[in-house]
Amino acid sequence: MSARTDTLLWVAQRASAVVLALCVVAHLATIIYAVQGGLTGAEILGRTRGNAAGMAFYTVFVLAVAVHAPIGLRTVLAEWFGWRGRARDFLLIAFAVLLAAMGLQAVRGVFA
Amino acid sequence: MSAVLKVRVWRGGPEGGAWRAYEVPRRESQTVLDVVTHIQRALDSTLAYRYACRVGMCGSCAMMVNGAPRWTCRTHVDKVARDGKLSVAPLRNLPVIRDLVADMREFFDKWARARGQFEGRRTRADDFEKVAPGSEARRRADAAIECIGCGVCYAACDVVAANPDYLGPAALNRAWTLVNDERDTSNAARLRAVAGDDASLACHTHMSCTERCPKALAPTAGIASLKRAVSRAALAGKL
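Chains A and B are the protein sequences, given in the same order.
If you count the first sequence from 1, position 21 lands on 171 in the numbering used here, and the numbers rise without skipping.
If you count the second sequence from 1, position 1 lands on 2 in the numbering used here, and the numbers rise without skipping.
Think of the hints as simulated: they come from the structure by calculation, not from any bench.
Ideal Cβ placement from N, Cα and C applies to all residues, glycine included.
Treat each hint with caution, since some may be false.
[Unchecked claim] Some but not every residue of chain A turned toward chain B, in silico, with C-beta under 7 Å:
{"#": "1", "residue": "A153"}
{"#": "2", "residue": "R154"}
{"#": "3", "residue": "D156"}
{"#": "4", "residue": "T157"}
{"#": "5", "residue": "L158"}
{"#": "6", "residue": "W160"}
{"#": "7", "residue": "V161"}
{"#": "8", "residue": "E229"}
Bound conformation, chain A alone:
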């Protein structure tokens, strides 16, 4: 992997971390606020279905996770297990696609 690609991945991970920091805070605050007094699955779906803002927010959240986690794992695999090279990177691209697909499916299920 070239120094440029390494660096752009590093930038992408830092940028996605900024997005995640905001998303996680908003996510946790919303849960804590909404759950007070108890909440059923049906009640949640009643509030979320058709909510375009919620869908946009969680779409961004999921995409940030799909960028952030595989790049971090890339470093973990290199430093802890000495695994570098194309095979690792292809596996992590597949992992990123999997995270994005599963996450977006969940977003659609809750907000669409």
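Let chain A serve as the given structure and place chain B on it in line with the hints.
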């Protein structure tokens, strides 16, 4: 202060080794290098170790003292001995040649890999190039320039321990001084050399180098600045 210091010294070579115990008389203002020298001169002349200036300038006497890397010529026994005991071993993260002598080749080869050599544009026929002492770049270079190449930061670095290809704090610190040297002409290539997973981006900001540097430099800060510089270069398509 007890009269005798119990010292464990690592003895061996590239294939391995073991601790050997010595008893060394305590003296006023005794340094760890004094202790090692006493062992070599009075107790066991086969002990191999390295030193030169004895005054904290040359950077050749660094060793692991009670588990932490230190410049032994300026480290007082009073400060580091625990219950009258001291352990002395060769620098971590480097191959051992013999006893307390670490092989520094890869440490300095990495300075070269980080393009730690100054490359100017003028010849000896030209006048001096003038650098304003108060300029921001000059002040940044000044903050990092006093490295004596002792290898303490390299031995303290857990990232080097995890990835032996990592350039390490000293080489990156050197690169950072040159990035701030307005006379230097090879910064594009230097930024390429210090970008990437085996270079500045690998730093975990543990700050062990900054904590241990005997010259009180802050390689972590220089490396963080290199990260910003290589990021900007990559985004501008100049890496």
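- Would you settle whether the hint for D156/A is holds or violated, based on the nearest Cβ-Cβ distance to chain B being less than 7 Å? With a minimum Cβ separation of about 4 Å from chain B (threshold 7 Å), the hint on D156/A holds.
- Query: Was the hint right that T157/A lines chain B, CB cutoff 7 Å?
  - Reply: Status holds, d = 4 Å.
- Hint check: 7 Å Cβ-Cβ cutoff, V161/A to chain B: 5 Å, holds
- Message: Next item in the hint list is R154/A. Is there a CB on chain B closer than 7 Å to its CB?
- Response: 4 Å, holds
- Item | Evaluation of the interface hint that places W160/A against chain B, nearest CB under 7 Å | 5 Å, holds
- Message: E229/A was flagged as interface toward chain B. Is the shortest Cβ-Cβ separation under 7 Å?
- Response: 5 Å, holds
- Query: Hey, does the L158/A contact hint survive, CB to chain B under 7 Å?
  - Reply: Where the cut-off is 7 Å and the nearest Cβ of chain B is about 5 Å from L158/A, the hint holds.
- Message: For the restraint on A153/A, tell me whether the closest CB of chain B is nearer than 7 Å.
- Response: A153/A check passes; min Cβ-Cβ to chain B is 4 Å, inside 7 Å.
When each numbered hint is compared with the structure, no violation occurs for any of them.
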